[in-house]
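Here is what each chain is made of, one letter per residue.
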Amino acid sequence: MNETTLRQERDGAVLVLTLDGGATRNAISPPVYRQVQAAVIDAAQDPGVRAIVLTGDNGFFSSGGNIHALKASAQKTMAEVTANTDALNVMIKALRDCPKPVVAAIEGGAAGAGASLALACDMIVAARDAKLVVAYVKVGLSPDGGVTHFLSRGLPRQLVAEMCMLGTPVGAERLFALGVVNALCDPGAARGEALALAQRLAAGATQAIARIKGLIEAAPDTDLATHLDREADGINRARFGDEAREGLAAFLDKRKPDFAGKG
Amino acid sequence: MNETTLRQERDGAVLVLTLDGGATRNAISPPVYRQVQAAVIDAAQDPGVRAIVLTGDNGFFSSGGNIHALKASAQKTMAEVTANTDALNVMIKALRDCPKPVVAAIEGGAAGAGASLALACDMIVAARDAKLVVAYVKVGLSPDGGVTHFLSRGLPRQLVAEMCMLGTPVGAERLFALGVVNALCDPGAARGEALALAQRLAAGATQAIARIKGLIEAAPDTDLATHLDREADGINRARFGDEAREGLAAFLDKRKPDFAGKG
Amino acid sequence: MNETTLRQERDGAVLVLTLDGGATRNAISPPVYRQVQAAVIDAAQDPGVRAIVLTGDNGFFSSGGNIHALKASAQKTMAEVTANTDALNVMIKALRDCPKPVVAAIEGGAAGAGASLALACDMIVAARDAKLVVAYVKVGLSPDGGVTHFLSRGLPRQLVAEMCMLGTPVGAERLFALGVVNALCDPGAARGEALALAQRLAAGATQAIARIKGLIEAAPDTDLATHLDREADGINRARFGDEAREGLAAFLDKRKPDFAGKG
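Protein chains in written order, with the working numbering: chain A, 39 to 301; chain B, 39 to 301; chain C, 39 to 301.
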């Protein structure tokens, strides 16, 4: 069985992470979970990295868990199986906890845990013909990796039920219309478009973006009064920071701000 | 006053529940609430039933509470009135708690408590010209049956406010675009289309679908870390079950899985 | 610096609040926050006011915080800065707590705290070419005034991230398709269209509308069982009230209800 590996490249301040699993359509398993997690944690601490692109080679994002491995897991102990899903969850949480923005670039499709991985990113660029598929049910399983949580944040329950109970694929154009996909592109162009988006994020105010990610993450679980306080605390601190000094000065000088090294 | 009754039919493993209230457009009241609740609880325990269709005769889904009965309720005691809404709530909770998937088939429209009933289902098939109407406000009342909860799960607050504060009808085509309606059909075809969808659900992995229903129900009230654990617990147990054994084997054998009797 | 002021006009039972800040595109600051808050609290207590329109002059809704003032705030103490965001939050909470419905009429655009102000309203009428912009990040700041909370109620996280992390403007037509904007109109017509909508609200059942506003506000933070009880409590009380007596009688008499003085 071809194991998918994670390739890491740098393009300026953007870290590009590429799943490469050949004929498996970039199936993922605990070794890859740990590589993605480690790469994201390293990037979070590296001041040279200001945004991340996560993508897959071979015309696909990721097909999720390898079916052969899933079948073999019935021979494993519950402890071994639990360790595997724990590794998946730790990777997903690392992506959501990472203060740097992460852009998914989807060619072909993202299926199963691959859909969880795509939805754990902050933004999604997808080829027009790409699909999101949550078809665990077809092999008698229920979803993992947070996909039912992520889909429920912004999509009606009826559509989420159809995707998860029947495994109905949903295309990128529909997801764009619903606001889950940020940008559509021609097949083959997702990596390039996502990289361009990530470069814009990398040129932005990194500390402000980290604060925004935290606010958006907290919003659905926070009542308005508490959230207003949290937003106020964020902007009040930001006003005295380097990024606001540069950003406000540049705005009034009618020039582009230079946030590099301010974050 | 014609009382609406509930007709029960079986089509293979699908239970079809049909509201029939003649000229009242299937107005519902405590006797029907209790019939629906009982039918759903029985179906939950009947291994022969694997999916449910809920629909209405007479070219309509349900017009909700009977206006004559509502007017008469001003002559009742608060205790009697409370007993009525309690019966409504118990029916709605039975639908959400039912581990079998429920598909609403909507002709014409679903209004008031009829809209609550439709939205309490897992999926919705609607005739292209059908409408969802929450017009309690027009008779000086506020909504019941969970409709403000259900609408708030997936639709922006502004649209929910318009529907509930003005009673603006929203058509099936718009609800489809927003993801609340799963499939549109020609007028007269909703029952048949919903039955076909329910047959696909009934042929699916019943235990996995029950677990998925629970995950989707819990998602909006659960933080990511807790939800990841819940998903992991579900899939870990599923891996050792009959449905996964059959589903994974069938996938690798490139044949259709046979989940009957596995759930 | 031109200070924006708040103009108050009455059109029947509708209070029209207009931000007028000349060349600043109705930039807002603590003095205006306090005027809006006071106007809303007065309106809540005035039985003659049954709905509110909030709009801006000069072809714009509001550009949010004045950039010059924001730059000057770096010279202020944390206590002064905190007092300013507190005043903003108090205004936003007054709008959400107000039992009377509030309709935003947007020409041109709503930016920064102006976007928060628009989204704090119950419904939005917007000129077809108007835009919502949350571009704090461009000057090195994170959002305030509840905008990340409001956007997260009904829009997918990916779109909210794009709006807040990149400051991408989102047009009224897209927001209408997503359900955040209730009605589109030709440029210049937003005030008139919003006033017509508010007149319909003002002719409605004011107590029921207040109860509906409370239910919609509570829905996302409440589990289904608790919310069903809350809805039931509301409708049970309403059944014995003046509004239901008039509304049900009018319905059965096939005449328009007269809710004036019943609320």
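Fair warning: there could be bad hints in the mix.
Given that identical chains are not distinguished, each listed pair holds provided it fits within a single copy or across any two copies.
Stated by the list, open to error - 20 Å max Cα-Cα, derived DMTMM-like pairs, lysine to aspartate or glutamate: (1) K131 <-> D167; (2) K109 <-> D124; (3) K176 <-> D84; (4) K114 <-> E211; (5) K114 <-> E47; (6) K114 <-> D224; (7) K292 <-> D95; (8) K109 <-> D80; (9) K292 <-> D167; (10) K292 <-> D58; (11) K131 <-> D259; (12) K109 <-> D167; (13) K300 <-> D84; (14) K294 <-> D271; (15) K292 <-> D80; (16) K176 <-> E41; (17) K294 <-> D259; (18) K109 <-> D95; (19) K131 <-> D267; (20) K109 <-> D280; (21) K169 <-> E231.
By construction, these hints were calculated from the structure, which means they are not laboratory data.
Since we're looking at a predicted model, the values are computed, not measured.
Comparing the hints with the structure gives:
1. K131 <-> D167: Neither. Shortest intra-copy (28 Å) and inter-copy (39 Å) distances fail the 20 Å Cα cut-off.
2. K109 <-> D124: within (18 Å within a copy, 47 Å between copies)
3. K176 <-> D84: Classified as neither; 41 Å inside a copy, 23 Å across copies.
4. K114 <-> E211: For K114 and E211, neither the intra-copy (40 Å) nor the inter-copy (48 Å) Cα distance is at most 20 Å.
5. K114 <-> E47: neither (35 Å within a copy, 44 Å between copies)
6. K114 <-> D224: neither (42 Å within a copy, 50 Å between copies)
7. K292 <-> D95: Result: close neither inside a copy nor across copies, 41 Å intra and 25 Å inter.
8. K109 <-> D80: Neither: 33 Å inside a chain and 35 Å across chains, both beyond 20 Å.
9. K292 <-> D167: Answer is neither; intra-copy 40 Å and inter-copy 25 Å both fail.
10. K292 <-> D58: neither (44 Å within a copy, 25 Å between copies)
11. K131 <-> D259: Both: 16 Å inside a chain and 18 Å across chains, each within 20 Å.
12. K109 <-> D167: Cα proximity of K109 and D167: none, with 30 Å in one copy and 46 Å across.
13. K300 <-> D84: within (14 Å within a copy, 50 Å between copies)
14. K294 <-> D271: This pair counts as neither: shortest intra-copy Cα distance 27 Å, inter-copy 50 Å.
15. K292 <-> D80: neither (36 Å within a copy, 41 Å between copies)
16. K176 <-> E41: neither (24 Å within a copy, 42 Å between copies)
17. K294 <-> D259: neither (36 Å within a copy, 41 Å between copies)
18. K109 <-> D95: For K109 and D95, the Cα distance exceeds 20 Å both inside one copy (25 Å) and across copies (46 Å).
19. K131 <-> D267: between (25 Å within a copy, 11 Å between copies)
20. K109 <-> D280: between (54 Å within a copy, 12 Å between copies)
21. K169 <-> E231: within (17 Å within a copy, 24 Å between copies)
The earlier numbered hints that this structure contradicts are 1, 3, 4, 5, 6, 7, 8, 9, 10, 12, 14, 15, 16, 17, 18.
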